[in-house]
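From first to last, the protein sequence lines stand for chains L and G.
According to this note's numbering, the residues represented by the first sequence are 7 to 266, in order.
According to this note's numbering, the residues represented by the second sequence are 7 to 266, in order.
Hints are computed from structural coordinates only; laboratory data are not their basis.
Being a predicted model, the structure only gives us computed values, none of them experimental.
The hints are all genuine.
Any copy will do: because identical chains look the same in the list, a pair fits if it lies in one copy or spans two.
Below, simulated DSSO-like cross-link-like pairs (lysine-lysine); rule was C-alpha separation at most 27 Å, straight line:
{"id": "1", "residue 1": "62", "residue 2": "89"}
{"id": "2", "residue 1": "196", "residue 2": "181"}
{"id": "3", "residue 1": "34", "residue 2": "125"}
{"id": "4", "residue 1": "174", "residue 2": "213"}
The chain contents come next:
Number of protein chains: 2
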Amino acid sequence: MAILYFCIENKTMEFKKIIEEKSDKAWKIYIPNLSIDCVVFGFQDASLKVLVTKIKENNFWALPGGYVLKTENINDAANRILKQRTGAENIYLQQFKVFSDLNRSESFFEEFDNTIWNKQRFLSIGFYALVDYSQVNLVVDDISDACEWKSIEELPQLMMDHRSIFDKALITLRKQLNYKPIGYNLLPEKFTMPELQKLYEIILGKKLNRGNFFRKMLRYDILIKLDESRKGGAHKSPDLYKFDTEKYEMALKEGFSEGW
Amino acid sequence: MAILYFCIENKTMEFKKIIEEKSDKAWKIYIPNLSIDCVVFGFQDASLKVLVTKIKENNFWALPGGYVLKTENINDAANRILKQRTGAENIYLQQFKVFSDLNRSESFFEEFDNTIWNKQRFLSIGFYALVDYSQVNLVVDDISDACEWKSIEELPQLMMDHRSIFDKALITLRKQLNYKPIGYNLLPEKFTMPELQKLYEIILGKKLNRGNFFRKMLRYDILIKLDESRKGGAHKSPDLYKFDTEKYEMALKEGFSEGW
DNA sequence: TCAAAAGTGTTGGCCCTACACCCATGC
DNA sequence: GCATGGGTGTAGGGCCAACACTTTTGA
Numbered sequence: 007m008a009i010l011y012f013c014i015e016n017k018t019m020e021f022k023k024i025i026e027e028k029s030d031k032a033w034k035i036y037i038p039n040l041s042i043d044c045v046v047f048g049f050q051d052a053s054l055k056v057l058v059t060k061i062k063e064n065n066f067w068a069l070p071g072g073y074v075l076k077t078e079n080i081n082d083a084a085n086r087i088l089k090q091r092t093g094a095e096n097i098y099l100q101q102f103k104v105f106s107d108l109n110r111s112e113s114f115f116e117e118f119d120n121t122i123w124n125k126q127r128f129l130s131i132g133f134y135a136l137v138d139y140s141q142v143n144l145v146v147d148d149i150s151d152a153c154e155w156k157s158i159e160e161l162p163q164l165m166m167d168h169r170s171i172f173d174k175a176l177i178t179l180r181k182q183l184n185y186k187p188i189g190y191n192l193l194p195e196k197f198t199m200p201e202l203q204k205l206y207e208i209i210l211g212k213k214l215n216r217g218n219f220f221r222k223m224l225r226y227d228i229l230i231k232l233d234e235s236r237k238g239g240a241h242k243s244p245d246l247y248k249f250d251t252e253k254y255e256m257a258l259k260e261g262f263s264e265g266w
Numbered sequence: 007m008a009i010l011y012f013c014i015e016n017k018t019m020e021f022k023k024i025i026e027e028k029s030d031k032a033w034k035i036y037i038p039n040l041s042i043d044c045v046v047f048g049f050q051d052a053s054l055k056v057l058v059t060k061i062k063e064n065n066f067w068a069l070p071g072g073y074v075l076k077t078e079n080i081n082d083a084a085n086r087i088l089k090q091r092t093g094a095e096n097i098y099l100q101q102f103k104v105f106s107d108l109n110r111s112e113s114f115f116e117e118f119d120n121t122i123w124n125k126q127r128f129l130s131i132g133f134y135a136l137v138d139y140s141q142v143n144l145v146v147d148d149i150s151d152a153c154e155w156k157s158i159e160e161l162p163q164l165m166m167d168h169r170s171i172f173d174k175a176l177i178t179l180r181k182q183l184n185y186k187p188i189g190y191n192l193l194p195e196k197f198t199m200p201e202l203q204k205l206y207e208i209i210l211g212k213k214l215n216r217g218n219f220f221r222k223m224l225r226y227d228i229l230i231k232l233d234e235s236r237k238g239g240a241h242k243s244p245d246l247y248k249f250d251t252e253k254y255e256m257a258l259k260e261g262f263s264e265g266w
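Turn these sequences into a full structure, and let the hints guide you.
Structure follows, in structure tokens:
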């Protein structure tokens, strides 16, 4: 027991020291009172995953985040933050909402001095990201214990308002499915129609009709059918497709026609 | 000529003084490096208008804007800013994007001291607002000469990146027409179907089919047909409608069904 | 050979487009 | 009564849900 206590005590001291040391530097280089939080989606094992990190010291999980340098715009900041975490570049990133409630963050570092960077009020710009699961190498930084993919159905409790940031990101992503293509950043280069359908179903949280999905997808005219099929599984081998990157990019910009 | 020159010089001094005096207070009460800019839409004379203000001293027009108090969230801030400008409360407000380019604002106050509030780098949160034109009383504040409604087809040149903020607001508003009702905040209580159609056409910038608009609108099931019609114009008297506020609010929250 | 998954065909309904028609109104 | 604008009818097409049929595969 004594040893365990000592360990915790020790860790606390270490954590505090790290936070305090980082504080001075943060005040110098970052825009104050402003943070970025990222909801990073990945797709694996027919399940939608989100990247979360565990803060040292308390048992809360958090969305990966960071701050904006005084000399960079927020897209660059989000890219930098995610590159540090995942090693990945050219991630699909979308700004979706600013979270600004009072006390959304500042009560979280109660035991610290009022001048400490982390104890300030922060408004946070929410980004969501879509990344290829297989291309990511997670990095644990010096204020986190762990950095893991968690399935969206079994997210752990998140610190501060990170749960509502995640919720809003998912809602935004779902809405986006109505007028923009998706999948290029989440699927491997070659994929089958059932795999693509699975992705849609998991994002939307509901089953879709097979035949209709198939035809609607083809009508979007962003897929190229390959001369191969996925062998090895039981049953019929599904055809492989890839995205027509030019048409895909076009559709991302223009959006699929809809409405008025 | 001498008199004119003197006047300009005098105005410059006055403007500078105001900015400098306000600077100290601003540093105390506002969150630094963060501003709010509002694209306020109103509808009148079958034309969509936007609220713009003219900054004293230079001949640029600007979107109405302001800063976020250290003790308020951004929605409250936007509401406060617009109430000051228009006297209106309970305006429909929608946050749509953060503008964070380097040099989007700080180069605009070159002649001032570096410590001045206005010369800092600002990230700006863009809001758009929909208001009932007839209920607004415009207020000119102490750093602006004028505050006016301008038709969206003939907007004057705007300062900094305000033109792209406006563009993005209009694009967002158009997209919103696909899944949310509109009109409650822009039209008088009673209105005719052709008037509502006109609003849609002006926002979308294109003609719509009369009969189809009529039926689509009715299918949305947010209108109540009144037992009156708009007399006085030449030709057939169109029926008057009002919004079913309960169903309208519901549709605002849920959105019209679409897509997957 | 057989079960199951994947590809394809079919039918009915809804909404959208486009146009036509009729009705009400002020001149 | 006539021009004009506004309400309503309707035919054709596209998309979609739902379901059925066919093909392909591994066991």
